[in-house]
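A.B. asks: This is what each chain is made of:
2 protein chains.
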Amino acid sequence: MPDILHRIGIKSSSPNDAYKALTAIEGLSGWWTTDTQGESKVGGVVKFRFGDLGGFDMKVLELDPAKRVQWQVVDGPEEWIGTKVSFDLKQDGDYTIVLFNHQGWKEPGEFMSHCSTKWAIFLMSLKSLVETGKGAPHPNDVMISNWH
Amino acid sequence: MPDILHRIGIKSSSPNDAYKALTAIEGLSGWWTTDTQGESKVGGVVKFRFGDLGGFDMKVLELDPAKRVQWQVVDGPEEWIGTKVSFDLKQDGDYTIVLFNHQGWKEPGEFMSHCSTKWAIFLMSLKSLVETGKGAPHPNDVMISNWH
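If you read the sequences in order, they're chains A and B.
At position 90 of the first sequence (counting the first as 1) the number is 89 in numbering that gives the first Met the number 0, and the numbers step up by one without a gap.
At position 111 of the second sequence (counting the first as 1) the number is 110 in numbering that gives the first Met the number 0, and the numbers step up by one without a gap.
For the record, the hints were derived by calculation from the structure and aren't laboratory data.
Fair warning: this is a prediction, and the values are worked out from it, not measured in the lab.
Where chains are identical, the list cannot tell them apart; a pair therefore holds if satisfied intra-copy or between any two copies.
No more than 27 Å apart at the CA atoms, straight line, and that leaves these computed lysine-lysine pairs for DSSO-like:
#1 K89 with K105
#2 K46 with K105
#3 K105 with K83
#4 K133 with K66
With the rest of the complex left out, here is chain A:
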């Protein structure tokens, strides 16, 4: 089964900052979508909405402070349901490295390719949020195509 993989490095003295941006509702609202609500605790569900484009409900599977966050998609586009999204953090000198994995896709396809590129763009928004205090979450996200 194909995965979407990404790696970014955030200029930050501690992985705690990236961890906060990946777990606090205020943090998630600052880089992925401003319309984020729910309970970001293990077993809780966080709801990400993108206006007319719909959204995703993520069940929180793992929260390991400053190290790892994993979600499972429990509602959203059919191709996403059941897939798992994880962020592994580690410190490398002045950088917090984020290893991203979106796994469990049944098959590759044009929508998966779109999501791969769009995840890269949102991870750059996460990087910007932690480094500068300002990300580019929906509805101010960078458009990559006719699919937004």
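Here the structure of chain A is known, so what remains is to put chain B in place on it, guided by the hints.
C.D. replies: Chain B alone, transformed into the frame defined by chain A:
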């Protein structure tokens, strides 16, 4: 074997513009790296250099005007050698859709994750080049981490 997949949409009235940016040396120099040389014809080799970071030699396997470009890596980082990079183009209304595939990786890993994100950034540079006449090729590319 895992692949890197991406999809972007370029605002353009014809796929000929993206095809030119993917095949002419001047085009390639405008979005990937300014240090691009070689013969962009089937069987030819195009050399992409990124200063101290090294580079890639790509043998041109397929050139199907306005439709498809495929290269095979014949020199570069060990993980890249033998892998194939393709760009499939199609027109969808006001957009030229680029489906990108970098296939043949022996195994996933941190370097592949890095390359996945960096390809997304360079594809956005390709989009910018075709839409505005100005891309962000190396050495003016967007930095994503401590690995550049």
